[in-house]
Amino acid sequence: MKHQKLIGSIAVNALACIISIIILIPLLLILVNSFKTSLAASDMTLLLPQKWQFDNFKVVIEKGKLNLAFFNSMIYSVGSVALCAIFAAMASFVLSRRRSKSSKLLYLFFVLGITMPINFIALMKVMQVIQLYNTRTGIILLYAALQLPFTIFLTYGFIGKIPREIDEAAVIDGCSPLRLFFSVIFPLLKPVLVTVMVLTFLSTWNEFILPLYFTGSTDKWPMTLAVYNFFGMYFKNWNLVCADIVLTSLPVILVYFLGQKYIVSGMTSGAVKG
Amino acid sequence: MNEKKSYPMYFVFGALILYVVLSVIPGVIGVGYSFTDWSSYSDKINFVGLKNFATIFSPDENYLRYLGNTMVFTVLTTICKSVIGLALAVLLTKKIKGLNFHRAIMYMPAVLSTLIVAMIFKNILNPQSGLLNEFLRSVGLGSLALKWLTDSKIAFWSVMAVDIWKGIGYIMTIFIAGIMSISPVYYEAAEIDGASSWQRFKSITLPLLMPTVAVTTVLNVLYGLKVFDIVYALTNGGPGYSTEVLYTGVYKEFSKGRYAVGTTLSTVMFIFMIIVGFFMIRIMTKEEVEE
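Residue numbers (the working numbering), protein chains in the order written: chain A, 1 to 274; chain B, 1 to 291.
Pulled out of the complex, with its shape left as it was, chain A reads as follows:
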């Protein structure tokens, strides 16, 4: 019996290691090859480079115009994250506190947006009409708008758990609604807002469909589109493509390891109750 348990435990551990390796190999492959020379990277093996080529990254940043792309990605992500967090928090605060039927319906109207597919072509028309087509502002507003439903879904649930007595005390002390929200409620929302911001940042950084449809000029492209374009031009130089991939993924991996706790809690909330 004890013997069997030991074998079982070894098997389970081995299995977990094998699966982790299957996940890791593609990622290691890119990392290793980003340091190789063009010739050495042409067969894309997992062997360590004979000569470490740190210049690859410098070359990629210059040839791939990554400075501009990085700036674009940053401004899209940070802009939409901030906008989305504030608007969603304000809206869910009021919707969650009001006990009327109409605010409940309005909440459901927002949340329905989680599932709604985007009609990109009609959206283009709307963007043209409101003069935001092919502008950075347009992209930021779009990202904020598209992330709102899920963000409202998360913050609404969280605000429901904050006792109303806090509001009442503040109002009796003479707080205006704006002051009540920004000085009293907003600080209490920190845990959920961090989750929301991490998730929104990641998905905005990784996304490329909106810029693909709505930015005509390459100078407004984010990192993802820039790397894909670079891949099209330098597909023979996999060392450079790998270096580009590493640079594009670095911020995401960094945010992932720093905010892992928040990501998992956000991704699973709503999915698992209790």
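Computed cross-link-like contacts, DSS-like style, restricted to lysine-lysine with a CA-CA straight-line distance of at most 25 Å:
| # | chain 1 | residue 1 | chain 2 | residue 2 |
| --- | --- | --- | --- | --- |
| 1 | B | Lys4 | A | Lys161 |
| 2 | B | Lys94 | B | Lys202 |
| 3 | A | Lys125 | B | Lys51 |
| 4 | A | Lys104 | B | Lys4 |
| 5 | B | Lys252 | A | Lys125 |
| 6 | A | Lys63 | A | Lys220 |
| 7 | A | Lys261 | B | Lys94 |
| 8 | B | Lys95 | A | Lys5 |
| 9 | A | Lys125 | B | Lys226 |
| 10 | B | Lys202 | A | Lys5 |
| 11 | A | Lys101 | B | Lys4 |
| 12 | A | Lys220 | B | Lys252 |
| 13 | B | Lys147 | B | Lys122 |
| 14 | A | Lys101 | B | Lys5 |
| 15 | B | Lys256 | A | Lys125 |
| 16 | B | Lys5 | A | Lys161 |
| 17 | B | Lys153 | B | Lys252 |
| 18 | B | Lys256 | A | Lys220 |
| 19 | B | Lys147 | A | Lys236 |
| 20 | A | Lys261 | B | Lys95 |
| 21 | A | Lys261 | B | Lys97 |
| 22 | A | Lys63 | B | Lys122 |
| 23 | A | Lys5 | B | Lys97 |
| 24 | A | Lys125 | B | Lys44 |
| 25 | B | Lys122 | A | Lys236 |
| 26 | B | Lys226 | B | Lys252 |
| 27 | A | Lys190 | A | Lys161 |
| 28 | B | Lys5 | A | Lys104 |
| 29 | A | Lys65 | A | Lys236 |
| 30 | B | Lys44 | B | Lys256 |
| 31 | A | Lys65 | B | Lys122 |
| 32 | A | Lys261 | A | Lys161 |
| 33 | B | Lys94 | A | Lys5 |
These are calculated hints, taken from the structure and not from any lab test.
Assemble the complex: chain A is given as a structure, and chain B must be docked to it using the hints.
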């Protein structure tokens, strides 16, 4: 305390305006445009009735194939992600060394951009120099070294496999949270009764995990129906139309300037999703509505 005064409606306006203008209105006018001949070739937009829908559902065109592919993709990836994700979750809730390390690794593909993942696999699945075929040849399975992404018979399977590789960690993480929320009392009782680990899984874990299964299924289905990135970046619908799905089709129509047909494809999806979405929201907000 006056609810209307303390919680003024103008707090909602910012979110509402953004959401309505950039999300709801395009959806609605998109439906309207699908009854027209809107295109980039002419400034005039004429009403054409159901002509676009007739085009999409006509057997002479390829659009039905897009719809079919989208369905196949949705059903197969949903099943695979659920089964493998659940198996991984069960594995990673056992006593294992470096549990958090394994969980972190398996979740990692989910945080990478789909575009990046697709580029990595374009390389790995390359018929000549790709890692997969090199590996197959080195272990003497050279006959299995196929043209993963360029053979129209298997390209779609490769796309689905890559998608599963990327998506599995997310589903697994949800299942792990679900399993952890099951009270250990059940398992202790089962152990005293001498239940085998399979019996424990079948009679405790699975039934109590059903709500979670429902949610992951909905998430997988919604994702599958909307899939674009992975197909666009791996095969762009090719070879031929063998991997074309609905949203890559929409993008092709958009690039060709045939806006009306593109928006009609979106509308078909829109109507379908509203129905699916309605049930999804009911599942996700179940607890809150009951309160």
